[in-house]
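Asks: For this one, chain A is given, so just place chain B with the ligands on it according to the hints.
Those protein sequence lines, which keep their order, are chains A and B. Just so we're aligned, residue 270 is where the first sequence starts under my numbering, counting upward by one. Just so we're aligned, residue 6 is where the second sequence starts under my numbering, counting upward by one.
There could be a bad hint or two in this list.
[To be verified] Simulated coverage check for chain B against chain A, where a stretch passes if three residues somewhere in it have a Cβ under 8 Å from a Cβ of chain A: (1) 18-26; (2) 140-147; (3) 192-199.
[As the list claims (entries may be wrong)] Part of the chain B face toward chain A, derived, beta carbon under 7 Å: (4) W29; (5) N226; (6) M228.
Read the hints as simulated data drawn from the structure, not as lab findings. Note that beta-carbon positions come from the ideal geometry of N, C-alpha and C, so glycine has one too.
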Amino acid sequence: MTSIKIDHLAKIYGHAGLELKIRGKRVERARVNITESSRLFENMVSGKRFDEARRLTSRICGICAASHNLTSIMAAEDALGIDPPEDVRRMREALILGGWIQSHALHLYFLALPDYLGYGGTLEMADDRPNDVDRAFRLKKLGNDILAAIGGRPTHLITTQIGGFTRVPGKDAVSVMLKSLKKGLKDAITTAGLFSSFDQPEYEREKPFGALAKKGAYPILTGTPVIGHHYVDSRDFAKKTITEDKNYSTSKFVSFNGEEFMVGPLARLNTSHRYLSPEAKACFRRSDLTLPDHNPFNANVARAIELVHCVEKCIEVLESIRSRGNCIAPDPRSVAKALKRGMHHGAAVTEAPRGMLYHEYDINGKGFITRSNIITPTSQNLYPIERDVKAFLPSMLGKPKQELILEIEKLIRSYDPCISCATHFLDVRFV
Amino acid sequence: MKKTVGIYPFTCCEGCQLQILDLWDKLVEVLEFIDIKHFRMAQEMNVEEKHDIAIVEGAISTRKEIEDLKRIRKNSGILVAIGECAVTGGIPAIRNDGKGGKGMLKKTTGIGEHVKVDCNIRGCPIDKGEFLRVITGLAVGRMPYDVNEPVCMECNNKEIDCLLLKGIPCMGPVTCAGCGALCPSVGTGCEGCRGMTEDAGLKQLKDRLEEIGIDRKMIRNMMERFSKEVKHDKHKD
Ligand code: SF4
Ligand code: SF4
Ligand code: SF4
Numbered sequence: 270m271t272s273i274k275i276d277h278l279a280k281i282y283g284h285a286g287l288e289l290k291i292r293g294k295r296v297e298r299a300r301v302n303i304t305e306s307s308r309l310f311e312n313m314v315s316g317k318r319f320d321e322a323r324r325l326t327s328r329i330c331g332i333c334a335a336s337h338n339l340t341s342i343m344a345a346e347d348a349l350g351i352d353p354p355e356d357v358r359r360m361r362e363a364l365i366l367g368g369w370i371q372s373h374a375l376h377l378y379f380l381a382l383p384d385y386l387g388y389g390g391t392l393e394m395a396d397d398r399p400n401d402v403d404r405a406f407r408l409k410k411l412g413n414d415i416l417a418a419i420g421g422r423p424t425h426l427i428t429t430q431i432g433g434f435t436r437v438p439g440k441d442a443v444s445v446m447l448k449s450l451k452k453g454l455k456d457a458i459t460t461a462g463l464f465s466s467f468d469q470p471e472y473e474r475e476k477p478f479g480a481l482a483k484k485g486a487y488p489i490l491t492g493t494p495v496i497g498h499h500y501v502d503s504r505d506f507a508k509k510t511i512t513e514d515k516n517y518s519t520s521k522f523v524s525f526n527g528e529e530f531m532v533g534p535l536a537r538l539n540t541s542h543r544y545l546s547p548e549a550k551a552c553f554r555r556s557d558l559t560l561p562d563h564n565p566f567n568a569n570v571a572r573a574i575e576l577v578h579c580v581e582k583c584i585e586v587l588e589s590i591r592s593r594g595n596c597i598a599p600d601p602r603s604v605a606k607a608l609k610r611g612m613h614h615g616a617a618v619t620e621a622p623r624g625m626l627y628h629e630y631d632i633n634g635k636g637f638i639t640r641s642n643i644i645t646p647t648s649q650n651l652y653p654i655e656r657d658v659k660a661f662l663p664s665m666l667g668k669p670k671q672e673l674i675l676e677i678e679k680l681i682r683s684y685d686p687c688i689s690c691a692t693h694f695l696d697v698r699f700v
Numbered sequence: 006m007k008k009t010v011g012i013y014p015f016t017c018c019e020g021c022q023l024q025i026l027d028l029w030d031k032l033v034e035v036l037e038f039i040d041i042k043h044f045r046m047a048q049e050m051n052v053e054e055k056h057d058i059a060i061v062e063g064a065i066s067t068r069k070e071i072e073d074l075k076r077i078r079k080n081s082g083i084l085v086a087i088g089e090c091a092v093t094g095g096i097p098a099i100r101n102d103g104k105g106g107k108g109m110l111k112k113t114t115g116i117g118e119h120v121k122v123d124c125n126i127r128g129c130p131i132d133k134g135e136f137l138r139v140i141t142g143l144a145v146g147r148m149p150y151d152v153n154e155p156v157c158m159e160c161n162n163k164e165i166d167c168l169l170l171k172g173i174p175c176m177g178p179v180t181c182a183g184c185g186a187l188c189p190s191v192g193t194g195c196e197g198c199r200g201m202t203e204d205a206g207l208k209q210l211k212d213r214l215e216e217i218g219i220d221r222k223m224i225r226n227m228m229e230r231f232s233k234e235v236k237h238d239k240h241k242d
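One chain only, chain A, in its complex shape (with noise of 0.2 Å):
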């Protein structure tokens, strides 16, 4: 028999390492070991009041940040009855947009490409390839400028309030973005037809997908979340979701209906390809992918799709806000006048970069939070990556195993769990 153990596999908030046994040509154990709980973050924002959990979940990760922000505001207005107006909402879209576009191009040029070109990172590329390594920067700081012009600066917000925003760009900084962004677009789709040019290994498990629905619309911020066939109340989620904790994690592991489901890039396409926007619409069409796609390895090229329809969408957003002046904050004293007496209970569900992101809220009568719950995409992922190595495994036996290492890695790269998680792969470990 042979076992092998990878201690720190991934980095989900901390450590995660892998641990396979293999007997003959079956795969006996494939299980994530993540050494680091995400519940202390739930602890941190325990008797926090309603509007400070914003900037302590946003440290939750720097890379979805603006993603953790926004849905705990969300949560947070939820529970307090707050509906924003509308331009506060295509705002926040736009600011998001920025998030995902720096998100996924890190993922794509940092994480990602080096495997597919054989280079131990990037920066090892800057020499032979400079023109993806510029692009890469390039993309990059398009969404970190998009980021920090409407919500202050790249990493951490600091403009996003209850309601909406202290400070909005003003109309020259909104030209700029549009311009970059409009200059950015050749870049996205550049970066598609690149992506989609690789050959990924064939492989396919089918599973639900999980993803927010929106009518005439690919999800970002807003919509209904759906697991396979069922559509989930936003509140209901933790719910109707069962989270269970393995002895061998500190993470949740999250399903449905005792079932799996997969969250992220892939299932959004798979979901919501008719909704993209029509740049990206043509770089689907170029590509190979024909839906519904079950190959995880494939999540690159959805990622690349969508990093397309986040310029192109966000130009149009961008130009769809009616007033500026609209996206101010209320007064903060304002905002604490909607505090009954008694509880309030609140949730939001959002796509970020890598899946649903869900934050739910217990307040109190005095605005403080007596209970959360924080469930990321890459607790809903968990499942898809344990039962994927293990059934993508038995085709890679036989390789050396250093290969068989790098496949494997590459399987639960694809997934993007969380940035570090991705490059945390070290003291591979054959027992």
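Replies: Chain B with the ligands alone, transformed into the frame defined by chain A:
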């Protein structure tokens, strides 16, 4: 000789490392002085590698992290803590008020709790311009000095209308400057992310916050968010 640099993350959001990555076009210029040997965003972590400068991000929350950190300390000339997580424990250390997780240390702390730290770069996240200045300075042997003026001073210089006077809670009066009053400049109260000044007038600020009607519990939360102490000279060796 170029100085070799390694960047190591522990328990954190890796937001500080992202700031460094976003500096890339500028880093190319300083790459004349320094050679980044290890950068987790691009390679895997190898604690056995020797560096002139080790840059550590993140708080320490497990025994394994203590071991790795000690190795990094042993293998490097200068050790720099970047971001509040590494400097004081930052946001991950808030958990010390609640229950811990499986396999975790009783307390999550900054790295200074376990090893000697030569230089701290504050903030959550760090300011990338400041990072560049400090690292180029270190490469030629210049240590940065600590800032002990409050953010208010920067508001003053930039002629920003004081939020506290308008009834919006702000930690600026007790927080180390250096960010250019980033939050107040966009109308948001400072949350104290660069740590407290040495002679911070906490009592006055508390009184002021109460005057503008901020709940006592909220005041306590505000004061606690980034107020963990920096362990400076604990590890003289
Ligand atoms: S200091 Fe803040 S930004 Fe930096 S790693 Fe820690 S939580 Fe993230
Ligand atoms: S806004 Fe805050 S930092 Fe600025 S002067 Fe007022 S209290 Fe000080
Ligand atoms: S204003 Fe305060 S919270 Fe904001 S960046 Fe500066 S020190 Fe940090």
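Asks: Hint by hint, note whether the structure agrees.
Replies: Cross-check of the supplied hints:
1. 18-26: Our answer is that it holds, as 8 residues pass the Cβ test (under 8 Å) against chain A, meeting three.
2. 140-147: This one is violated; 0 residues, fewer than the three required, reach chain A with a Cβ under 8 Å.
3. 192-199: Satisfied; 3 residues make the cut.
4. W29: holds, 6 Å
5. N226: holds, 6 Å
6. M228: Constraint on B/M228 not satisfied, violated at 12 Å.
Checked against the numbered hints given earlier, the structure breaks hints 2, 6 and satisfies all the rest.
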